[in-house]
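Protein chains: 2
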Amino acid sequence: MNGIVHGGGGAPGARGSAPGAAAMVPPKTAGAAADKAADFANYFCTYAFLYHQKEMLSDRVRMDAYYTAIFRNARHFVGKTVLDVGTGSGILAIWSAQAGARKVYAVEATNMSQHAKKLVAANGFHDVVEVIEGSIEDISLPEQVDIIISEWMGYFLLRESMFDSVIIARDRWLKPTGIMYPSHARMWLAPIKTRLGDQRVQEYQNAMADWGCFTQKTSDYYGVDMGILTTSYFEEQKKYCLQTSLWNSLYPSQVIGTPALVKEIDCLKATLKDVASVFSPFKMPVTSQETRLCGFAGWFDVHFKGSPHDLVDHEIELTTAPRDDETTHWGQQVCTNSLK
Amino acid sequence: MNGIVHGGGGAPGARGSAPGAAAMVPPKTAGAAADKAADFANYFCTYAFLYHQKEMLSDRVRMDAYYTAIFRNARHFVGKTVLDVGTGSGILAIWSAQAGARKVYAVEATNMSQHAKKLVAANGFHDVVEVIEGSIEDISLPEQVDIIISEWMGYFLLRESMFDSVIIARDRWLKPTGIMYPSHARMWLAPIKTRLGDQRVQEYQNAMADWGCFTQKTSDYYGVDMGILTTSYFEEQKKYCLQTSLWNSLYPSQVIGTPALVKEIDCLKATLKDVASVFSPFKMPVTSQETRLCGFAGWFDVHFKGSPHDLVDHEIELTTAPRDDETTHWGQQVCTNSLK
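Chains as they are written, first to last, in the working numbering: chain B, 11 to 350; chain Y, 11 to 350.
Be aware that a few hints might be false.
Because identical chains share one entry, a pair is satisfied inside a single copy or across any pair of copies.
[To be verified] Think about it this way: if two alpha-carbon atoms lie no more than 20 Å apart in a straight line, the pair counts; the simulated EDC-like pairs of lysine to aspartate or glutamate are:
(1) K248 with D208
(2) K90 with E140
(3) K283 with E147
(4) K293 with E246
(5) K283 with D230
(6) K279 with D335
(7) K227 with E336
(8) K90 with D230
(9) K249 with E65
(10) K90 with E153
(11) K227 with D69
Just so you know, these hints were derived from the structure itself, not from any lab.
Computed from a prediction, not measured in an experiment: that's the story for all the values here.
So that you can see chain B by itself, here it is in the shape it has in the complex (with noise of 0.2 Å):
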């Protein structure tokens, strides 16, 4: 099938955060303080504790591809400055000081910062890692660095909106000849088959016949009439129940054809405006025989390349392609249509 994949960027919302649960923007009123508050209220938060960092560190498929990348690579490390964009726990900082680094800013904005001190410490990188609390946006640094780190990615890639940080980083902080890990995203969108599209119908038919009867009742009891509101709760309803996407651990065997490529992301280039949003013509051919389409499945692969004038020894990718043997924390993100 052919179609159009037209999605906004700016979606806040840490990972794990309660699905379906809406964030939303400030009154008109706020300015850029207000704007910071609420994102500070709405995503920073959750990873500012250490149950959500020990999934995210729990995360074998993550925490392979980025230890391989990194010392499979020393070579670009050796010797040379660091930046890790969200540093977290401080894994990746560091790692980057384990593969020898010279010096590494490992810039934080929750107070997860002062575990990553503790940590930092603890391993004996006191010296080599200095661990920064604040906006990546709003800190400075002494100097340029040789190489951004940094593990952005939110659910289908740009949930979280957290790569508009690390190209501020770029922009600001990396050297002419620097390089990017990861170098390369790209965002992938297949169809499927999933039990999932149904149950959504479902929910949202019981959601409309509970209406009925919730209007009756309030109208029998109470002496009010709520119907002139049912274009809009069924509006919420259907938007809620049909036309969010969800988190899902799809098997193989559930993608019935040819995943289409939607995205293509050079970190070291891309700009702001490129990641905006997602448009983009694609052809998404089922090939499953006497399958039945239920919906798209979105997810995204990075890979780490090194730069066009310096590549990487070992090309390392991280995929979160629906596999049989391993599932990472992003699994993919499912759009249900509600055909039957």
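Go by the hints and put chain Y onto chain B.
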């Protein structure tokens, strides 16, 4: 048993928001606009959803109490002016108009106010009820009012701190002869038996055991020693698993002693300082034979008594105490202990 209850009142988080979800305060540099934006993101946004309003409108105990309080005391409303603080869908405002109010100002901070306007018009009270979108602290009314009505109670009464807004509204907009609906509120604490305590202790123990495996693997596979974070992780888990209250809907048989009254509020006189914290000595005898003290439950009741100079004709109580027949969406707040 004797004890002291000490708690802060200012905990944001709308009813129904994810249990245990911590609302974080904005960074130190934020000002008033930032606080507002964080409040909005943390709290107000939930109330902008019809689904959430419907949940509260479907609470029969809640609805019955307010409906009865208004219509059995219509004398207070006939020809009078009313202010509904936090009108939501507009239900209390519409009832006030149906009871004979001359004018009702229905203030709502979220864009739920748009639905309230439609509901008011569809039920024929466009000329009586004026819906105003904004924070009660910011808006202006053309006159003072005879009655302030509001459904402001959060979990264990004071979660959400919405009563602060009611106090501010009262001090600014209620006539000296005015009446508060409800007029009084009380907080209760009781000793209980519950399986929740054991479950939470098990959760905590699982978390500790899991941490041990996690640190071992992170050291073996990734060469980083996470041991320095153990104390902080356990503290965080202890706080989450053992030291936060949780929502539950108890049976009366689970209350194993005499509830203690820990707070009394006269809604006509209470100051912001009065409700900023709850600090109360209490006695709470365990009266059940052969039982086990597993924790404490907190709940509240409110009363519609009128004012000292203008009592209601029919005093109404809305209680959230454990009951066999009916429950409320408030449930009770349960603190479990970790003693075996």
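Inset, instruction - Hints the structure violates: just list their numbers, smallest first. - result: 4, 5, 6, 8
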